[in-house]
Structures are given as C-alpha cells and as structure tokens.
Amino acid sequence: MMSYRRLIKDMDFTLLAAVLLLIGFGVVVQASATTNMPVGGDPWYYTKRQALYAGVGLVTMFAVMAVDYRTFARWYKVIYVGNVGLLGLVILAGHAAMGAQRWFRIGPFSVQPSEFAKVAIILTLAALLSRRVDRLERWTDLVVPFVHTGLPMVIILTQPDLGTSLVFTAILLGMLFIAGARWTHLVTIYGGGLAAAVTWVILHLQYGVWIPLKTYQLNRLIVFARPNVDPLGAGYHIKQALVAIGSGRILGKGLFTGTQSRLRFLPMQHTDFVFAVVGEELGFVGAIVLLGLFLVIIWRGVRIAAEAKDAYGTLVATGIVSLFAFHVLVNVGMTIGVMPITGIPLPFISNGGSAMVTYCAAVGLLLGIHFRRRAISF
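Heads up, the sequence shown is in our numbering, so the first residue is 1318 and it goes up one at a time.
Be a bit skeptical, because a hint or two may be false.
Claimed, not checked - DMTMM-like, lysine to aspartate or glutamate: derived pairs with alpha carbons at most 20 Å apart:
no.	residue 1	residue 2
1	Lys1626	Asp1451
2	Lys1326	Glu1624
3	Lys1626	Asp1327
4	Lys1626	Asp1385
5	Lys1326	Asp1385
6	Lys1626	Asp1359
These are calculated hints, taken from the structure and not from any lab test.
Could you put together the complete structure from these sequences and hints?
Written out as structure tokens, the structure is:
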C-alpha cells in the first residue's frame, strides 16, 4: 500500500493537468470545427471519434506509466525490428488514401504505424545512445545513430510522409546533443543537409533532376517561398488560414461562430489547420492559452530529463521534448505562414487516433521517468 502512496506523491500533477486540459481543449475545438461536416447525417461524428481517441489515449498513458521505462531499454532490439517491419508492411499491404499509403484499416478505423514509430525510435535510440554518452566526439561516432534513425525515416518518406520523417530528424538532433555530440558537428551536418535539400529542389525545378517528392509536396515548398504564386491552388490553404487567424483578433468570434471554418473556406480544419480554428474562434487569448499549455509540457519534460535517475531516462525524456517542441513549432508555424506545409498535426488537438495514442504514450513515459527518479518498490 505504501508504494502506491509514494506513487501518487511523486506524480507530476502539473504535467498531467496540462495534458488533460489539452485533451479537453481538443475535443471542444473538434466539436466547433466539425459539426458542419456531418458524416452519415451525424454532425458529432468527428467529436465522438476524438473523445474515443482520447479515452484510448488516456488508458495507454497510464498503462505506459505503470511499466518501468528501463524495460524498454532491455527490449530495444525487438522494438526496433518490429517497428521497421511494421513500417515496411504498410508499404506492401497498407491502405492507400489521398495519394499516400500510410495506414492499416481495422474495421471503421485507420491505424498509422508511422505515428507509433516516433515513440519507438525514441525508446530504441535512447538505448543506443545511453551506451555512448560522452563518446560521440568523432564524426564516425555519429554513423550508427544516423543509420539507426535513417532506416525507418526513409521507409516513412516513401509512403510518402515528409512531415513525419522530418520529426525523426528533430528527435535525433535533440538526443544527440544531450548525449554529448559536438554541436559543431551537428550544425555542420544539419546545415549541410538543409543546403543540399534546397539545392536539390532548385535543380529539380530548373533542370528536371529526379527528386523523391510528390508534386503536391513540391508545390507546398514553392508556395512557402513565394506565397502569392498560386492563391487559388497550392497557396489556398495558407491564405485561408491567415484570414481565419487574423479575423479572430484578440478574443475571437466565439466557439461555433467562425466563418472561415463554418462556411468551409478553411481546408483540413480538423486536422492540419486546426490551429486556425482556434485563432479565429478564440482569438489571440485562446491561442496563447493553448500555446501556454504546450509550454508547460515542454518545461516539465526538460525538468524530468534533468532529474532522471539514469542516462536512458534523460535521453527518452529529451526525445519526447524534441517531439512535442517540433510538432508545435511546425504546425503553428505552417498555419501562420512561417513554415512550409508538411502535414504535421497539432498534438492532442488535431483529429487522429494513432497520433493521440502516440502523444499519450509519450506523456506516460515522462510521468514514469518522473516518479521513478527515486527508487520505488512495487
């Protein structure tokens, strides 16, 4: 009995409260964004699904929290092979939709393994790096971590899913830095990679050099560089998102009264561009509250990483912080036009079951690392 009292005592209630508030926020925003999008005559279709996803996610979060996170380190090879195998299976037998093949169909639901792969790569990369902490000073020391991350990343890129593959680069960067890799090496690799990517795109546009991107992905990059090039085509999404956010002003138009979303001018209003709904209906104040809750998660994640009892816990927490920070930065950034559109969802707010379970599992890991920072007997 004493162990459970200590468990409650050591629970990070600040982190837990922020997550619960975000999940509730997400259900309400989904209701406001989608009641004008009935499915089968049901205006609450997406809201019900989001609530169901939230329930499954919370069960997952507490289940992951109950498991000693060090168990995942012992099984990291099995997790890695299973992760890569599942991603490969999607390419062979997955469900295709909207020009991509990223899902398995299970009855009325779709499961996206690339979402689960984010947590899997954090757990396995942390196990790999925890054995190499402060032994990453040479260029050759970085080969194994990059190959470890690069294999699932390339598979995901072929689905194609550029956004999720970019999440892997952010996770790798954060974890390598904390594991002791030289920042000069990381700046050189990532800076060189960005320069090479930009050059490749330019060569493709100018000389037709082959590039592993679909036409719509290239159009998104072009629109980011030249926002007014195709306002009724590739640039339509960002134009409508900016109109929605700008029209919300300080306090917003109110829930269920946003014209851009209610009149269906705003594309993907319940997934990629859900932040625009928040900006239009809840205004600057609502957007700041939402971002503040994400900031709490990132702050608590950094504290948990610093207080973890071992290198593995520190690295897992670092990977999760990198995951959330990158998702929020890119999703909000692409909605306000300072980042290219990459299809990265807003955690706990965008509609999606696989993503919800993934984020909740990540929080479960943070909570588990936090209350195991001291020895607890079960």
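* Provide an ascending list of the numbers of those earlier hints which the structure does not satisfy. => 6
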